[in-house]
Amino acid sequence: MPRRSAIHASGLGMGIGLALGGGFSRGFAHLGVLQILEQEQIPVSYIVGTSIGGLLGAAFADGISVPDLCDLGRNVHIRDFLRFQPSQPEGGTHNKDRIGQFVQDWFRADLLEELAIPTAIVATDLDTGAPYVFSRGPLDVAIRASCAFPGLVKPVEHEGRMLADGCIVTPVPTEIAARINGGCVLGVNVSHDSAISSDSENEMRVVAPAFRALNRSSLEPSWCKHADILLEPQVQHIDWHDFTRVDEAVSAGADAMRRALPFVRDLLARRAQLASAPDLPFRAQSGLSL
Numbered sequence: 029m030p031r032r033s034a035i036h037a038s039g040l041g042m043g044i045g046l047a048l049g050g051g052f053s054r055g056f057a058h059l060g061v062l063q064i065l066e067q068e069q070i071p072v073s074y075i076v077g078t079s080i081g082g083l084l085g086a087a088f089a090d091g092i093s094v095p096d097l098c099d100l101g102r103n104v105h106i107r108d109f110l111r112f113q114p115s116q117p118e119g120g121t122h123n124k125d126r127i128g129q130f131v132q133d134w135f136r137a138d139l140l141e142e143l144a145i146p147t148a149i150v151a152t153d154l155d156t157g158a159p160y161v162f163s164r165g166p167l168d169v170a171i172r173a174s175c176a177f178p179g180l181v182k183p184v185e186h187e188g189r190m191l192a193d194g195c196i197v198t199p200v201p202t203e204i205a206a207r208i209n210g211g212c213v214l215g216v217n218v219s220h221d222s223a224i225s226s227d228s229e230n231e232m233r234v235v236a237p238a239f240r241a242l243n244r245s246s247l248e249p250s251w252c253k254h255a256d257i258l259l260e261p262q263v264q265h266i267d268w269h270d271f272t273r274v275d276e277a278v279s280a281g282a283d284a285m286r287r288a289l290p291f292v293r294d295l296l297a298r299r300a301q302l303a304s305a306p307d308l309p310f311r312a313q314s315g316l317s318l
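In this text, residue positions in the sequence shown follow the working numbering: the first is 29, and each later residue adds one.
Source of the hints: derived by calculation from the structure; they are not laboratory data.
Quick caveat, the model's predicted, so the values are computed rather than measured.
Backbone N, C-alpha and C define an ideal beta-carbon position, used for all residues, glycine too.
You may find that some hints are simply not true.
[Claimed, not checked] Derived DEER-like restraints, expressed as beta-carbon distance ranges: (1) Gln132 x Gln301: 40 to 46 angstroms; (2) Asp294 x Asn103: 34 to 40 angstroms; (3) Pro166 x Glu68: 28 to 34 angstroms; (4) Arg293 x Arg189: 20 to 26 angstroms; (5) Arg298 x Pro166: 36 to 42 angstroms; (6) Leu289 x Asp133: 21 to 27 angstroms; (7) Arg136 x Thr272: 26 to 32 angstroms.
Make a model of the complete structure from these sequences and hints.
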């Protein structure tokens, strides 16, 4: 199939670092975010994804087009996930579940380090309860592990660890993206529980980080503080298993990203100004929640 050329920054920290969260069918809102970034030629220096965010982020980094990924989503049914089980016992020479088969059929890269945009995929270590971050190695293993939602998909054994869906411990991997990218982190939350606000009249809030820290709700997840820009596409009305509304999810993601464009450009412009003074740490002057 034809491939698009991924637009990415020439080095880590010089573009937007994306943190794409999990949310099953709602995760297709990520495609709207990616579509606008691509159309507006906003450079992406790194992608960190968990669950559906890891799958779609890696697919985008591999050059699979947003329209092709939308077509894929439109043809997904919940029964497909219920059949995500290994076709042979562990250790079989042709052991591929349906997620692994998807990676084999659609991806050009076999390894994470072969992706055009540097990408990390987050899973949960079931023994320690800590995030397990794949930044190298087989793509199919990383994506299978990050998407292994308990009750639907068997955990993935990797290097002596039992790994499952990254959403268990890292719904939106902003902290990991901040450690890797060093700044300009754009997080996308599509999970059921709103971390910011589901009130359509209060979708955008721009406040100083210090004010935000003092007034953060005790119920707000810790990952919120690691994003310079945090998007929350309006997908609360879409059931997590409803793949008939892919286009609505994509549209919601695109709308949220369009609103954020001026702030993204401002962050990148200030980073470029500071690039000539490496001893000065980059600090976002405003935090944006959409």
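Identify every previously stated hint that the structure contradicts and give their numbers, smallest first.
Failing hints, ascending: 4 and 6.
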